[in-house]
Structures are given as structure tokens and as C-alpha cells.
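Engineer: The listed protein sequences derive, respectively, from chains A and B.
The working numbering applies: residue 42 is where the first sequence begins, and numbers increase by one.
The working numbering applies: residue 15 is where the second sequence begins, and numbers increase by one.
Wrong hints could be hidden among the right ones.
What the hints assert, rightly or not - From the derived model, a few chain A residues whose C-beta atoms are all more than 12 angstroms from chain B:
(1) 65
(2) 78
(3) 85
(4) 88
(5) 92
(6) 104
(7) 122
(8) 124
(9) 132
(10) 144
(11) 170
(12) 171
(13) 188
(14) 198
(15) 243
(16) 244
As the list claims (entries may be wrong) - Computed cross-link-like contacts, EDC-like style, restricted to lysine to aspartate or glutamate with a CA-CA straight-line distance of at most 20 angstroms:
(17) A:171 - B:71
(18) A:234 - B:113
(19) A:166 - B:113
(20) A:96 - A:231
(21) A:223 - A:86
(22) A:171 - B:157
Since the hints were made in silico from the structure, they are not lab data.
We put the beta carbon where it would ideally sit given N, CA and C, even for glycine.
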Amino acid sequence: MRKIVAAIAVVLLWNACKSNNNKTLPIYGNRTPVTNVVDGKSETDTIYQTIPPFKFVNQYGDSISNKNVKDKIYVADFFFTSCPSICPIMQRNMLNVYNAFKADDDVKILSYTIDPKHDSVNVLKSYADKLNITGNSWWLLQGKKEETYQLAEKNYLVAVRPDSTVAGGIIHQGYFILVDKKSRLRGAYDGTKPEEVNKLIADIKTLKAETDEKAAK
Amino acid sequence: MKLKIIGGLGVLLFILIITGMFTSCQSDEQIEFQRYYSSGSLVYQTHCQNCHGAHGEGLLALIPPLTDSAYLRANKNVLACFVKYGTKGKITIQNKSFEGTMPPNNLSPVEIANVLTYVTNSFGNKLGTINNQQVASDLGKCE
């Protein structure tokens, strides 16, 4: 009996090590095969869905574009400061991500407001202050409403739409989207669930350790 | 080995009997309190916990905690109005100032009584039962 238990334990440990070493995160979104002719031979490559160029303003009034997250890993989510439903728990959980990586310049958090009319730069700054968000690792971004909604639905694949029947007037999903250094979607986590957010923190570490060859496989 | 298991079971049985004796001797008030409190914990989880937290800790300077017993005691008769109609403007909790809006909650008087009993007797608070009649009367006087 003891031998069997020991054997199972060894197998489990072995597997645990193996999966940790070789773990790569999947790449989400649409993919398009592209055939190029290189040295007379045709080669097929895969083009993954990426986040297109964007330009928003952060809580300090600074302009933030896709250039600011070039070669960075980042987490994106959509919120609004007067949101009564899922936002507080999302922020509570995002604070864990923030605290885990705030000293790491390679990891950023981008929270786009879906209520830019109300959430001016001043409102965003005071909201950030109340959550003790300092420095430049977590940006609260404000931009044009249509652009934000389009970015959410078409690019980050998060559903957002106005709905006068719900509290706060906007219905939206509380997903945290993980984006890699090449602007590709690498994960989506339910921001209202602490255990999913812990997985996100672990996955960011995996992504940081990932090399280009591994990702290409 | 066997003796230990039997001994352990004996102790467990003893504890069960003693608890049983105590619960059967509970007064009507205690039973009422238990009923309000346990239903209130469910109402809290669905309607309050997202913002105020699993331990009533609030969220930094954004959402006030529910751990200020002095405040709760002083405002015991308006808590039902806060829950039902929401709050707006400045509020000082544990010497910290909070500003913002708490949305109204579409809860019945009995659900409000449940959740208030839960909150005012959790997180270090101990204010006793806030019952249905109390809430109904408080709601009649909301500003």
C-alpha cells in the first residue's frame, strides 16, 4: 500500500515539474496563415490577432499609446469609476496584480474607462489616489467612447454595451486580458474571482520566462 | 491505537451532547438572532460583499469599512435607510473621510433586517438583533 502511495507521489511530482518547465500559454484570437516566398520556396507563417495602435490619456493627463506598451507584458480591463456592481471586486483583485508587479517595468496594467464622459482625468486621478495607485505601472485610461468600445469588443474580445436596465447603466464583463510583448492575446481571467486572478499572476511569470521560440511552437 | 480512536469518539460524543444541551436551552431571542444572522450572511454575500469585502474591510479610501462599531451604534436607526436608498456625499468612518455614492438596494424590510443584524454583529461589532418591526419603523422615517 505504502509503495503504491509513494509511486503515485513520485509520478505526480514528476508531472508537476515537467508541466512547469515546458509550460507555454496559448495564443488567442483569430489567426491567418500567410504564405511567403523565401529563396524560391514558399513558406507558410501564421499571423496572430494583435491589439492595433491606440492613443488614450492616463490619470496624470499624459498621452498613452501602444508605443508605451511596446515590448511590455500588460493586463487590460474595462471599468468605470461610478460602477456599482463588479468593479470594486475587480479593483480589489487587480490591486494584487499591481502589488505583485509594481516594481517591474516590463509589466503594466491598462484599465480603460467605458464612461469617459464622467471619468475625466481628474476623476481618474482621484480614483487612483483612493486606491493608492502611484507611479507608472497602472494606468487608468480615458479616450473616445466609440474607440474604447471597439477596442474592447473587437480587439480585447470583452463584451461592453450600454443597458439602462442594469445598475450603473452599462453592462460589461469583468475579464482581465493578458497581452504579451508582441501585442497578442495570451489569456482571459474572470477579474471577480480571486483564484482566477492568482492564475493570472502565475501566468504573467510564465510569460516573462517565455522565449520567442517557445511561443512560436 | 484502537483505544485512542474510541477515546476520541467518546470526547466527540460528549461535545455533541453538551452543544445539543446548550442549543436546546437557547432562549427565543437567541433563536431569533440566529435566524436573522444566518439569513443576513447570505444577503451580505450577494448584495454587499463585492464592495465592502468578505470581512467588512471596505476598499482602501474608496469604500468605507463596516467595522466602526461606534458609528453603527450612533446611526443604528438610519442604517435601514442607507441600505434601501443608498447614500451620497461625505461620510467619516474611523476618522477617515469617504466621499462617493452607495447605490440603493432593492431589498425587502425582512432582508434589510437580516443583513443589518449580520453586519452589526460581525467584523467586531456586537449590537444585537435588528428585527423586522424595527426596520419597518425606521424605513418610515427616512429622509
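Engineer: Run every hint past the structure and note whether it holds.
Structural biologist: Against the structure, the hints:
no.: 1; hint: 65; verdict: 34 angstroms, holds
no.: 2; hint: 78; verdict: 56 angstroms, holds
no.: 3; hint: 85; verdict: 48 angstroms, holds
no.: 4; hint: 88; verdict: 40 angstroms, holds
no.: 5; hint: 92; verdict: 28 angstroms, holds
no.: 6; hint: 104; verdict: 26 angstroms, holds
no.: 7; hint: 122; verdict: 9 angstroms, violated
no.: 8; hint: 124; verdict: 10 angstroms, violated
no.: 9; hint: 132; verdict: 7 angstroms, violated
no.: 10; hint: 144; verdict: 19 angstroms, holds
no.: 11; hint: 170; verdict: 7 angstroms, violated
no.: 12; hint: 171; verdict: 4 angstroms, violated
no.: 13; hint: 188; verdict: 27 angstroms, holds
no.: 14; hint: 198; verdict: 24 angstroms, holds
no.: 15; hint: 243; verdict: 22 angstroms, holds
no.: 16; hint: 244; verdict: 24 angstroms, holds
no.: 17; hint: A:171 - B:71; verdict: 15 angstroms, holds
no.: 18; hint: A:234 - B:113; verdict: 27 angstroms, violated
no.: 19; hint: A:166 - B:113; verdict: 14 angstroms, holds
no.: 20; hint: A:96 - A:231; verdict: 26 angstroms, violated
no.: 21; hint: A:223 - A:86; verdict: 16 angstroms, holds
no.: 22; hint: A:171 - B:157; verdict: 29 angstroms, violated
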